[in-house]
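So the sequences go chain by chain: A and B. Under the numbering used here, residue 180 is the last one in the first sequence; the count climbs by one each step, no gaps. Under the numbering used here, residue 374 is the last one in the second sequence; the count climbs by one each step, no gaps.
Derived from the structure by calculation, the hints contain no laboratory data. As the structure is a computational prediction, the values presented were derived from the model and not from experiment. Warning: the hint list may mix true and false statements.
Here are the simulated DSS-like cross-link-like pairs (lysine-lysine), alpha carbons at most 30 Å apart as the crow flies [to be verified]:
(1) B/K374 with A/K109
(2) A/K131 with B/K370
(3) B/K340 with A/K109
(4) A/K141 with B/K222
(5) B/K306 with A/K141
(6) A/K48 with B/K359
(7) A/K109 with B/K264
(8) B/K374 with B/K233
(9) B/K222 with B/K264
(10) B/K230 with A/K116
(11) B/K275 with B/K230
(12) A/K131 with B/K230
(13) B/K264 with A/K141
(14) B/K374 with A/K141
(15) B/K355 with B/K233
(16) B/K306 with A/K83
(17) B/K259 with B/K374
(18) B/K370 with A/K109
Estimated spans, in silico, between C-beta atoms of each pair [said to hold, decoys possible]:
(19) B/G252 with A/S108: 17 to 23 Å
(20) B/N213 with A/L42: 46 to 52 Å
(21) A/N133 with B/E300: 31 to 37 Å
(22) B/G252 with A/N58: 32 to 38 Å
(23) A/S108 with B/V279: 32 to 38 Å
(24) A/K109 with B/Q287: 26 to 32 Å
(25) A/F161 with B/T227: 33 to 39 Å
All C-beta atoms, glycine included, are put in the ideal place defined by N, C-alpha and C.
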Amino acid sequence: MISTLKYFSIFLFLLLVNCTSRPDQASEVALPKTDSSQDLSLNLMDEKMLQEFISSRNGKYLFLNVWATWCIPCREEFPDLIKLAELYKTKGVEFAGLSVDYPDEIESKILPFLEKNPVNFPIYVQNFEDKENAINLLNEKWSGAIPATFIYGADGSQLHFLLGQHSFEEFQQVLQSLIK
Amino acid sequence: MSRINSKMIMVFSLVLFLLISFSYSGEMSKAENFTLKDYNGKSHSLTDYKDSKVIVVMFIATQCPVSNDYNGRMAALYKDYIGKGVTFLAINSNKQESVEEITQHSQKNGFQFPVLKDPENVIADKFNAQVTPEIFVLNPNYEILYHGRIDDSQRESDLKSRDLRNALDEILAGKPVSKQETKAFGCSIKRVQK
Chain A
1 MISTLKYFSI FLFLLLVNCT SRPDQASEVA LPKTDSSQDL SLNLMDEKML
51 QEFISSRNGK YLFLNVWATW CIPCREEFPD LIKLAELYKT KGVEFAGLSV
101 DYPDEIESKI LPFLEKNPVN FPIYVQNFED KENAINLLNE KWSGAIPATF
151 IYGADGSQLH FLLGQHSFEE FQQVLQSLIK
Chain B
181 MSRINSKMIM VFSLVLFLLI SFSYSGEMSK AENFTLKDYN GKSHSLTDYK
231 DSKVIVVMFI ATQCPVSNDY NGRMAALYKD YIGKGVTFLA INSNKQESVE
281 EITQHSQKNG FQFPVLKDPE NVIADKFNAQ VTPEIFVLNP NYEILYHGRI
331 DDSQRESDLK SRDLRNALDE ILAGKPVSKQ ETKAFGCSIK RVQK
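Kindly generate the complete structure, drawing on both the sequences and the hints.
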């Protein structure tokens with residue numbers, strides 16, 4: 001009887017994991033305690049580098065915003081991201097932007113945009129071999145529409161996936177819920 | 181006896197678990213019929229095209245740079261497949277893109293397929309279309325045989341996988357579509373607040 005219950009419990013566990021596991025419901029992690037100044041950088045990022053970047057957390061949350069210069073809602077959202085990065089830089093949240101413009105548009109499009117929007121967090125530029133793999137790597141439920149923001153815990157697990165343009169207050173609410 | 185029962189329950193549980201797992205991904209979804217007007221005011225319904233071998237529904241935009249990079253490819257697809265029993269219906273669901281703008285855009289890009297205006301993005305919602313360009317390929321029963329991107333690169337010079345053409349060729353050859361789902365990438369469809 002005990003054995004029967006054991007097997008049934010395993011089944012229930014598997015069923016629950018299968019039906020309820022969603023990236024935005026991943027377990028929360030402890031509040032990171034350290035922070036360091038962000039360097040402004042503009043590097044290319046392929047799928048492997050993205051994976052490594054997400055998993056190399058150094059005890060911090062990651063706020064990763066995927067954007068492009070041609071995306072109007074992304075551009076509208078950008079000033080709020082700068083304000084948020086300033087607000088959370090000492091609170092254990094690392095901010096990063098991933099532009100899905102083409103690498104050969106850095107000079108012509110990305111840098112002129114960043115000159116008008118002085119960014120206080122690193123910007124990476126996609127250099128993906130396969131866009132679909134990269135989309136799935138960030139979230140299998142993501143259609144690829146931008147802007148899209150992914151928030152990771154200090155263990156590299158995805159805590160939130162926010163599709164579309166969000167306000168300063170909406171982002172702040174999510175971040176506050178993490179660092180309480 | 182108890183041991184046998186335990187094993188049976190375990191096997192039954194695992195089979196049930198696997199069945200539930202696969203049931204999420206295995207079913208073929210079906211589109212509902214719809215009626216929309218093109219920029220000339222002519223109504224188009226899916227039922228108008230029930231004699232087509234294939235219906236390609238394309239969510240497109242006038243202002244999205246990604247969608248616009250596909251204008252030439254969409255016009256070429258129409259030319260290459262219209263004689264093979266394939267119907268192309270483009271839909272513009274963006275709230276800020278007017279019928280006048282759609283007219284000019286279609287004429288400028290030489291679109292020979294109808295471009296339908298989807299007021300208040302009702303049809304985009306029904307298809308759960310998220311971006312432009314985003315493609316749904318239907319059979320005459322409106323079953324969705326392919327959903328996703330036109331191909332894998334906004335830049336035509338870099339493309340490696342012509343997903344929509346591959347799907348159409350397979351369907352026309354009477355074969356199952358080997359890649360039924362890809363990720364459409366592009367600009368978010370600008371929806372009205374509901």
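Hints versus structure:
1. B/K374 with A/K109: violated, 34 Å
2. A/K131 with B/K370: Within the cut-off at roughly 22 Å; holds.
3. B/K340 with A/K109: At roughly 25 Å apart (the allowed maximum being 30 Å), A/K109 and B/K340 satisfy the hint.
4. A/K141 with B/K222: violated, 36 Å
5. B/K306 with A/K141: holds, 18 Å
6. A/K48 with B/K359: holds, 24 Å
7. A/K109 with B/K264: violated, 41 Å
8. B/K374 with B/K233: The given pair, whose Cα atoms are some 36 Å apart, is violated under the 30 Å limit.
9. B/K222 with B/K264: Within the cut-off at roughly 24 Å; holds.
10. B/K230 with A/K116: This hinted pair is violated, its Cα atoms lying about 52 Å apart.
11. B/K275 with B/K230: Holds, because 29 Å separates the two Cα atoms, which is no more than 30 Å.
12. A/K131 with B/K230: violated, 34 Å
13. B/K264 with A/K141: violated, 34 Å
14. B/K374 with A/K141: Given pair B/K374, A/K141 holds - Cα atoms ~23 Å apart, limit 30 Å.
15. B/K355 with B/K233: It holds: about 13 Å lies between the C-alpha atoms, which stays within 30 Å.
16. B/K306 with A/K83: violated, 37 Å
17. B/K259 with B/K374: violated, 38 Å
18. B/K370 with A/K109: holds, 23 Å
19. B/G252 with A/S108: 17 to 23 Å: 22 Å Cβ-Cβ, so the 17 to 23 Å window holds.
20. B/N213 with A/L42: 46 to 52 Å: This hint holds: roughly 49 Å between Cβ atoms.
21. A/N133 with B/E300: 31 to 37 Å: holds, 35 Å
22. B/G252 with A/N58: 32 to 38 Å: violated, 46 Å
23. A/S108 with B/V279: 32 to 38 Å: Holds: the Cβ-Cβ distance is about 33 Å, inside 32 to 38 Å.
24. A/K109 with B/Q287: 26 to 32 Å: The hint (26 to 32 Å, Cβ to Cβ) holds, given that A/K109 and B/Q287 are roughly 28 Å apart.
25. A/F161 with B/T227: 33 to 39 Å: holds, 38 Å
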